[in-house]
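If you're matching them up, the sequences are chains A and B in order.
As numbered in the working numbering, residues 1 to 155 make up the first sequence, in order.
As numbered in the working numbering, residues 1 to 145 make up the second sequence, in order.
Read the hints as simulated data drawn from the structure, not as lab findings.
Misleading hints may appear alongside valid ones.
A few chain B positions that, by computed beta-carbon distances, are all more than 12 Å from chain A [claimed, not checked]:
{"no.": "1", "residue": "7"}
{"no.": "2", "residue": "37"}
{"no.": "3", "residue": "40"}
{"no.": "4", "residue": "80"}
{"no.": "5", "residue": "96"}
{"no.": "6", "residue": "112"}
{"no.": "7", "residue": "126"}
Computed from the model, here is a short list of chain A residues facing chain B with C-beta under 10 Å [unchecked claim]:
{"no.": "8", "residue": "3"}
{"no.": "9", "residue": "8"}
{"no.": "10", "residue": "26"}
{"no.": "11", "residue": "81"}
{"no.": "12", "residue": "83"}
These numbers come from a predicted model, not from an experiment.
Just so it is clear, CB atoms sit at the ideal spot from N, CA and C, and this is done for glycine as well.
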Amino acid sequence: MTEPITTMPSPFRMDYTYVAGTGRSVFLRGLAERRLMARCCAGCEQVYLPPPEFCSRCLRELEPPFELDGRGVVSTFCVVSFPFPGQRIDPPYVVAHIQPHGAGTRLMHLVREVEPEDVHIGMAVEPVWVSDDELDTSLLSIRHFRPVHYGGADA
Amino acid sequence: MTADSLSAPYTVEFPFERTVGPKIGTFLGGLRDGRLYGAQTERGVLCPPLEFEPETGAETGKLVPVADTGTVTSWTWVPSRPGDPVPHDFAWALIAIDGTTGALFHAVDVDGDSARMATGMRVRARWRAERVGQLSDIECFEVAP
Numbered sequence: 001m002t003e004p005i006t007t008m009p010s011p012f013r014m015d016y017t018y019v020a021g022t023g024r025s026v027f028l029r030g031l032a033e034r035r036l037m038a039r040c041c042a043g044c045e046q047v048y049l050p051p052p053e054f055c056s057r058c059l060r061e062l063e064p065p066f067e068l069d070g071r072g073v074v075s076t077f078c079v080v081s082f083p084f085p086g087q088r089i090d091p092p093y094v095v096a097h098i099q100p101h102g103a104g105t106r107l108m109h110l111v112r113e114v115e116p117e118d119v120h121i122g123m124a125v126e127p128v129w130v131s132d133d134e135l136d137t138s139l140l141s142i143r144h145f146r147p148v149h150y151g152g153a154d155a
Numbered sequence: 001m002t003a004d005s006l007s008a009p010y011t012v013e014f015p016f017e018r019t020v021g022p023k024i025g026t027f028l029g030g031l032r033d034g035r036l037y038g039a040q041t042e043r044g045v046l047c048p049p050l051e052f053e054p055e056t057g058a059e060t061g062k063l064v065p066v067a068d069t070g071t072v073t074s075w076t077w078v079p080s081r082p083g084d085p086v087p088h089d090f091a092w093a094l095i096a097i098d099g100t101t102g103a104l105f106h107a108v109d110v111d112g113d114s115a116r117m118a119t120g121m122r123v124r125a126r127w128r129a130e131r132v133g134q135l136s137d138i139e140c141f142e143v144a145p
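So that you can see chain A by itself, here it is in the shape it has in the complex (with noise of 0.2 Å):
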């Protein structure tokens, strides 16, 4: 009699190509000068970092772009607890929604050199970029934020 097997392997693999556009490319040949490219709508005032070519509330074509620093604020992040396949990283390790200052949108991105627990929604972080020769337009060029310090007191 036939023996059940009980499992089966059920991958799901897909292949494509990423397709930047103009917009974004402006905002991933920034990284690799480790620049924050950002735009504005002259309609709204929305400001978008990473920036798209056209406003998606008002569908106007965004004003040239100029550039951020990277500090902000932790608005929302989570502890990634849980391993899995193709982890960078051994967890425990935060990743958060950053709101830039001057950008009316977020970036999500790890948060590091800050024990987990410590970190909190409000927290000012700045960004900690590669070296030289591994800048690349990804935002990988940024390999983490930190928290940052305004003369000693925590923002």
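Got chain A sorted already, so can you dock chain B onto it with the hints?
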């Protein structure tokens, strides 16, 4: 202007593993052993089997060996792509396995000649030499003499 746009190749991959029930598990074990199984139900032997009858929700009965030959009830012609079971153009088909009710979905190899495909044609499973308990243990179906 796409000339200004960056692009990059990406791959998304999840190594899922799926738990199968006792009936489908036996069906897959049968594939590994080079045999097809169907499950007994009120409307006849169901192949491929299910754990439960879709219409009544009743549990299906015990598994019985069935033939590895059948009749094509529906098919569509496709160009071969990387990862497909047949290296040249072929048909995906619903196959009514002899003596059973239901439809087995699999590839039919007619040497790339779509003129040889027809509803009602007789086919037979072409088994792989090395089998692991997956539907791909049947390489494809081929024309039965």
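Outcome of the hint check:
no. : hint : verdict
1   : 7    : 5 Å, violated
2   : 37   : 7 Å, violated
3   : 40   : 15 Å, holds
4   : 80   : 17 Å, holds
5   : 96   : 22 Å, holds
6   : 112  : 25 Å, holds
7   : 126  : 20 Å, holds
8   : 3    : 5 Å, holds
9   : 8    : 5 Å, holds
10  : 26   : 8 Å, holds
11  : 81   : 20 Å, violated
12  : 83   : 13 Å, violated
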